[in-house]
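Engineer: Chains as they are written, first to last, in the numbering used here: chain A, 135 to 290; chain B, 7 to 770.
There may be inaccurate statements among the hints.
[Said to hold, decoys possible] Selected chain B positions facing chain A (Cβ under 7 Å, derived; list incomplete): (1) PRO28; (2) GLY32; (3) VAL36; (4) ALA40; (5) GLN665; (6) GLY666; (7) ALA669; (8) SER692; (9) LEU693; (10) LEU694; (11) THR700.
Read the hints as simulated data drawn from the structure, not as lab findings. Each residue gets a CB set at the ideal place from its N, CA and C atoms; glycine is no exception.
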Amino acid sequence: MKALIRCTVNDEEHVVLADPRDSLLELLRDRLGLTGTKEGCSNGNCGTCTVLVDGAPVNACLMLAAEAQGHEVVTVESLSEGTKLHPIQQALVEYGGTQCGFCTPGIVMSAKALLDANPRPTEDEIRHAIAGNLCRCTGYDKIVAAIAAVAATEGE
Amino acid sequence: MTVLPGGGNEKKELWIVGKRVPRVDGRERVTGKAIYPADLNLPGMVHAKILRSPHAHARIRRIDTSRATALKGVVAVVTAADFVDLPIGATVTMGDAGYDVWVVAHTNMARETVHWVGQPVAAVAAVDVHTAEAALKLIEVEYEPLPPVVDLAEAMAPDAPVLHSNVVTKGVEPAPRSPSNVCSRTVIERGDTAAAIERATAIGEAHARIDTAHQGYLEPQVVVAQVDPNGFATVWASTQGQFTAELMLARILGLPQSKIRVVPLEVGGAFGGKIALHGEAAAVRLAEKCGQPVKLVLTREEVLQGGSGPAAGALIDIRVGADREGQLTAIEGTYRVDAGGLPGMSPSLIMQASAALYQCPNLKLEGYDVVTNKPRTEAYRGPGGIQAAFAMEQALDVLCQRLDLDPLEFRKRNAAVTGSLMPIGTPFPTIGLTTILEEVGQHPCWTDPLPAGKHPRGRGLALGYWRGTSMTSAAHITIAGDGRPMVTMGPVDISGTRTAMAQVVAEEFGLSVEDVHVSTGDSKSAGYSDIAAGSRVARTTTAALVEASADALRQLRMRAAEKLQASPEDLDYAGGVFRTRKPGGAAISLAELMQATLGEGAIVGRGVSTRLPLGVEIGAHVCDVEVDPGTGQTTVLRYTAFQDVGCALNPPAIEGQMQGSVAQGLGWALTEGFDYAPDGRLRNASLLDYRIPTALDVPPIDCVLIETPVPGVPYGVRGVGEVPIVPVAGAVANAVARAIGVRVWHMPMTPERVLRAIRGGVLD
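For reference, chain A alone in the conformation it holds in the complex:
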């Protein structure tokens, strides 16, 4: 059985033939081919599937695709323009805040949500904002440094 899902992803309207059981994550990755958002646990525990829904960070694996109707979904693909990186992305590269890269898209989205709402966060606020994004490689140090650096330059 199929379901017709309408949603707005990265400012584009889509009409997708999906399975009613599809999560938003499956819709993005498998139906729309937006594989930048990752699947780490499909249980809402790791944050690798973090996307923005109406500006708020959400675990896409915990939302049904059908629930996306009427909302604006933003994924990591929308942040860079061609080869030009978003400042958060640029900082993560420069500061070594990405190693295997699997948690990185989720971290980027959580960081974007934070800085959009709070342009001058404290270190504690940064750590809270990414507390739902597990990283097994970096120990978080350089991720926090990267986000703080963006806040320092952009948040003036």
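Chain A is fixed; fit chain B onto it per the hints.
Structural biologist: Same frame as chain A, but now just chain B:
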């Protein structure tokens, strides 16, 4: 971060090696464009699912897949009958010891008996995941359940049910007449330890129990396999070793190696857990049967509930003795390692690791690998090191407390130096442990008094050692039409080695990092290379690329000489240009040279490194904690990691390895432990209940890198990636003990266990 020179370091002036260079492959990661196997979609691709045993121990009486095969949308089904029945002891090449492929085969498909909950018994491929899952439910498996043995100590009891009737304890003289769950006994000894313990002025003991833990890679195992009409299989995998994977697949599938190509895609974390196969063989056989590409994705629950190989739990008892001056006179240890459901997890490395850093004339170490009805354990970052150090570093700390001796001073008095004998009798190559200890003593993390806080606080010190391995790495360099080097590395990059190797080749060619392109080859496009493990890739691939660079430059020199009408010896090369030595002499750039000679064929520089002299890894960590006596909660306040890195190819990248390792170590030290029910089912098979550290659990981690180069290897590079996890649990445990006045012997030291220790002072 601080980078300090160690001993014997006449550092030559380097151009790009040793500099802070951001990852050359960072942009793909931050944009989500890096391709992991789950991101790969091929036309006509179908989806596989694995049927797993619900029993921890059972005989398989019968499997009937007919109803699954008949389900609309199912395109292929496999069971053990579809794979080669390998003899016990079958291995594939890996270094000097080989790698047990019989174990890997059984980890991928049980045969006759299941040994853990989650062990695969069949697999299906179908048009979508939902149909595949429905098909699994239609496979009928008749099990005869057998009593499971889950607990390590219980498995060693003389009356324990025997899991493998053919396993008789090796290393015992005379050989036992009956089988047991104790697969082997290893002894390392020198001197007369019993007598030395008797005579010692003071003794320290440890009785440690370490729970099984998981490497915790965020990317579950995923594989895409396709077999073409000629029977040639291409496998896209998240793997630490494409060549080893190819060898294993060839044996398990009964295919010639020339019919298999393994393409390593980006790896979303591995840490030792992606050396063996976990589904690749099934994916290939399914792809063969249905003629379509097959994608197999493990769910997180599958990964934890028997679908992968976790890190071994252990029971370790140690006694150490010292004389009045605080000189170590005896080390006595018994190490029991949990192999999980299949035999062969040698404890030898962890025994050596625990004692190696200390000069001690008498030592007796006994190790046992024991089978239990849990997933077969696999490697995890310096496998066994952190478990052993949790026990040994605490035993030494107890000894220090009894001698009323500062723990750093104790380490200085007993530290191994270059030439000291390791436990197995080999002398240490050039090491800088003494330098590390001196740096610790002068650093504010040691000299700053521990500030008082709301709750009791303590400071802990622990050392760590890891030997690593060298094995084989190959790489080659071709020169593009614009004169720039294109590097193909054999070993998989799981730690940022593509970037470090770009730096090495840039250095060798006198070019900038941006001029060098590095990619990882697959098992048919690169020279044979062993797995990315054992802290070997950066050092050995550096050696291979130094050779490959020289080879390429030699070929270029010949061509340049021809073009410049000079002898090759009369040319100078620097920064991408060949020049004749005579004044006003002609010059030709690599770009001009290549454009002028494209028709002469490719320039291919080759290099290979085998058995590179070892640069062992040594670290010392200092940790401050605060323990809430009402809840047992431990907060890590401050953490400093010192490490001898030989020659830091890329200091921030090494710092990243250290910080990541420390976070992993903090996880196992405080919150990560598998909780098995008596029936062998894992109770905490999710990332909610298997608690890995978040950004709120890890303090800033300060790193001090000391450079004691390894003599006789290009750039003096030392392995760096494993040792930074080794001391962590010991350092935290020592800090906790100093804070609360009692020892916690059960790792992870969860709040519950800390509370029990505080309230009862009893062993958990």
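Engineer: Each hint should be assessed against the structure and marked as holding or not.
Structural biologist: Evaluated hints:
The interface hint given for PRO28/B is met, as the beta carbon of that residue sits about 5 Å from the closest beta carbon of chain A, less than 7 Å. The beta carbon of GLY32/B comes within 4 Å of a beta carbon in chain A, closer than 7 Å, and the hint placing it at the interface holds. Satisfaction of the interface hint for VAL36/B is found here, the shortest Cβ-Cβ separation to chain A being roughly 4 Å, below the 7 Å cut-off. Given hint, ALA40/B at the interface with chain A, holds; its Cβ is 5 Å from that chain's nearest Cβ, closer than 7 Å.
At a threshold of 7 Å, the smallest CB-CB gap from GLN665/B to chain A is about 3 Å, leaving the interface hint in force. About 5 Å separates the beta-carbon of GLY666/B from the nearest beta-carbon of chain A, less than 7 Å, and the hint is met. Restraint check, ALA669/B versus chain A: the minimum CB separation of about 4 Å is within 7 Å; hint holds. Using the Cβ-Cβ criterion of 7 Å, the hint placing SER692/B at the interface with chain A is satisfied: the shortest such distance is roughly 6 Å.
Residue-level restraint check for LEU693/B holds (minimum Cβ-Cβ distance to chain A is 4 Å; threshold 7 Å). Proximity of LEU694/B to chain A holds as hinted, the smallest CB-CB distance being about 5 Å (cut-off 7 Å). Interface hint at THR700/B: satisfied, since its Cβ lies 5 Å from the closest Cβ of chain A, which is below the 7 Å cut-off.
Comparing the model with each earlier hint shows no violations; every hint is respected.
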